[in-house]
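Protein chains: 2
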Amino acid sequence: MTPVPNSFPSPLPPLPVGIHLPGGHGLDPSVPPNTTQGFHLNHLMLRIRDPSESLHFYIDLMGLRTVFAMNTGPCSIYYLGHPQTDAERADPKLYAQNTVSNDVLTTTKGLIELVHIHGTEKLSKEEYKLHNGNVAPFLGFGHVGFTVPDVPIALERLRESGVKVLKDVGVAERENVPITEWEMEKFGVGIGELAEGYRHVLSQIGFVEDPNGYWIELVPQNMK
Amino acid sequence: MTPVPNSFPSPLPPLPVGIHLPGGHGLDPSVPPNTTQGFHLNHLMLRIRDPSESLHFYIDLMGLRTVFAMNTGPCSIYYLGHPQTDAERADPKLYAQNTVSNDVLTTTKGLIELVHIHGTEKLSKEEYKLHNGNVAPFLGFGHVGFTVPDVPIALERLRESGVKVLKDVGVAERENVPITEWEMEKFGVGIGELAEGYRHVLSQIGFVEDPNGYWIELVPQNMK
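Protein chains in written order, with UniProt numbering: chain A, 1 to 224; chain B, 1 to 224.
Treat the hints as calculated values from the structure; they're not laboratory data.
Among the hints, a few may not be true.
[Said to hold, decoys possible] Subject to a maximum C-alpha distance of 25 angstroms in a straight line, what follows is the list of computed DSS-like cross-link-like pairs (lysine-lysine): (1) A:K224 <-> A:K167; (2) B:K186 <-> A:K167; (3) A:K186 <-> B:K122; (4) A:K122 <-> B:K186; (5) B:K224 <-> A:K93.
[What the hints assert, rightly or not] Simulated DEER-style distance windows between Cβ atoms: (6) B:K125 <-> A:D86: 45 to 55 angstroms; (7) B:P11 <-> A:P11: 46 to 56 angstroms; (8) A:E193 <-> B:E193: 30 to 40 angstroms; (9) B:P9 <-> A:K129: 16 to 26 angstroms; (10) B:W182 <-> A:S30: 42 to 52 angstroms; (11) A:I191 <-> B:N102: 24 to 34 angstroms; (12) A:V165 <-> B:P9: 19 to 29 angstroms; (13) A:T107 <-> B:E160: 18 to 28 angstroms.
Ideal Cβ positions, reconstructed from N, Cα and C, are used throughout, including at glycine.
Given the sequences, and given the hints that come with them, work out the whole structure.
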């Protein structure tokens with residue numbers, strides 16, 4: 001076997017500014033036979049401190065339900081996903097039954113895996129501080145993006161349940177994009193104004209904070 | 001509106017060890033009307049340093065294709081997903097066309113958003129170091145989980161293209177679970193042996209590293 005060639009030259013030419021570009025650079029190759037057919041982006045994994053808090057957030061507030069959980073010994077893992085039908089929404093056990101078989105589970109997308117290391121729930125948030133990836137210089141992971149039928153209604157329900165709203169709709173400024181002062185000052189990167197085409201999108205998007213400080217994005221399904 | 005009650009008491013009773021539990025604690029409520037119906041877990045967002053490297057990894061090697069990209073001014077964002085049909089795999093532009101409309105995009109799951117702050121590609125990996133969430137004490141995000149038809153074949157193809165394999169199949173030890181020495185020593189949490197039922201699963205799973213050091217999990221679709 002030989003290394004797979006890189007379809008993307010370095011440096012890549014900059015994309016035209018402020019335009020929604022289907023297919024991006026237009027450099028993506030067709031998928032070669034016998035390579036990645038059948039691959040699924042199944043889940044992302046986040047550490048949590050206290051399962052009572054995080055299950056409340058993702059299940060009661062964000063609408064996910066438990067597919068399965070496993071106590072591995074030193075930690076417990078929870079796989080959550082969204083029920084797909086009225087019957088599954090009425091009966092979370094039915095959703096779990098319908099989804100937990102290996103064939104269904106491994107071809108399902110949009111799951112989140114929460115990992116709770118036993119004992120961290122007894123530590124305070126200050127003692128066992130998880131890092132959300134958005135605070136310089138410890139940048140990396142950005143957010144989990146949910147789409148919702150109506151962002152203002154979703155934000156209102158979350159706010160009423162004590163969730164911190166990081167960005168409301170109607171706002172689209174430089175401080176709402178994931179570029180820190182630290183990066184601009186230290187490296188001189190990420191400079192310049194936001195394109196109008198992007199501000200239009202950003203103004204319709206909300207952000208809230210989960211119980212461990214991870215950023216949760218709410219994207220409208222009725223984007224204008 | 002009143003706060004949504006928490007369905008999960010604190011502390012939650014420990015789950016039985018080493019058993020795959022559909023529905024987890026069995027405490028999930030049915031979904032109340034007019035709350036989270038229609039919510040989708042659409043994507044996760046990761047910062048990247050150099051789009052040439054990261055698009056090569058996620059597109060050429062992991063089989064994703066570009067739905068759309070946008071240059072916002074100071075940064076560019078890329079939304080990637082897996083083509084669903086032979087026709088889409090043969091023609092990535094068709095996949096983009098089929099997926100990019102607002103209705104389809106916002107009800108699609110299993111997407112990844114990569115954010116490139118312009119200029120970081122000129123910095124070295126040491127200068128602009130992104131944090132993968134798995135190195136103490138900067139713990140948080142864990143990994144992106146892909147399911148694949150055959151983990152050893154997938155690992156071999158990645159290895160031949162220079163990808164670092166973090167965990168091969170056939171291995172299932174304490175150091176392969178996301179609990180650091182730091183947590184055990186500092187807090188006394190996450191102690192104890194791995195349950196046999198979990199080691200059986202873990203031994204079939206692979207982990208590789210993406211170009212920015214993020215952990216990528218490969219879960220077999222033919223789990224035994």
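Which hint numbers does the structure go against, in order from smallest to largest?
-> 2 and 8
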